[in-house]
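Enquirer: My request is simple: use the sequences and hints to build the entire structure.
Just so we're aligned: the sequence shown equals residues 1 to 257 in the numbering used here.
Ranges between beta-carbon positions, derived for each pair: (1) Ser106 - Thr137: 11 to 21 Å; (2) Asp110 - Glu229: 35 to 45 Å; (3) Thr137 - Asp192: 20 to 30 Å; (4) Pro82 - Ala196: 49 to 59 Å; (5) Asp166 - Glu228: 13 to 23 Å; (6) Thr137 - Glu193: 19 to 29 Å; (7) Gln212 - Ala245: 21 to 31 Å; (8) Pro111 - Asn167: 29 to 39 Å; (9) Asp83 - Glu208: 34 to 44 Å; (10) Asp29 - Glu193: 38 to 48 Å; (11) Asn225 - Met2: 23 to 33 Å; (12) Ile86 - Thr177: 31 to 41 Å; (13) Thr240 - Thr177: 17 to 27 Å; (14) Glu229 - Ala200: 25 to 35 Å.
Since the hints were derived computationally from the structure, they do not count as laboratory data.
In this text, a Cβ means the ideal position worked out from N, Cα and C, and glycines have one as well.
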Amino acid sequence: MMELRKVTVTRYVTPLREGGSMPAIAEADDGFLYVLKFRGAGQGTNALIAELIGGELARKLGFKIPELVFADLDEAFGRTEPDEEIQDLLKFSTGLNLALHYLSGSITYDPGVYQVDPLLASKIVWLDAFLMNMDRTARNTNMLWWHKELWLIDHGASLYFHHSWDNWQEQAKKSFTLIKDHVLLKQATKLDEAHAIFKAQITPNILEEIVQLIPDDWLNGTYFNNPEEYRNAYLAFLTTRLNHADNFLEAAKNARA
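Expert: Listed below in structure tokens is the structure:
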């Protein structure tokens, strides 16, 4: 059974201003630094859910992903913060947040500098089409080069259907037109191969294990009655999307052409 470690945030180090949701580098009680994603940011816990599902699925599929942990934030944590905007963010983020292990010394992936293996590029494009991740473009690659390897970060803009849940069953079957803007699309010359590998690799058990990681208090909207109904809906969405993967595969291939 999959589990995530839980840490307690002990020190707010510095904000990462380039992120729209104002993530921050923070230290935890295990002595490590993390990129902390706040539940009190603009997209709320939905962005954390997308980050959790996207990151852990990517890890299961063999991609390099910084460790994800649940990060507990005490209500007293922000009282000494002089910046009012950050103080409000910390206040509204009391409780369970999500954090990624900070890859010290990593640099942002630059498509003009680093070439990615065609199969790896194809796998990343396929994954992002599956997750409906709109945020892996040349402007914002959300990939890091660390220890001569490519690491994927930031899946918070994935699964955007869950911000309203409107027509979510049909959304699961749709292609993903925004794949045309993917930074690795030109290098993704082995999409059919990636498709075959992942269709075999993603099992119902894997999807269920990942969905079961979502904490109850992140599932507190008004569309469904309780956390278990939300988890069942996420699982149904991902399962349906996998069963209709030919749709987004063809869209990606057409976008390349």
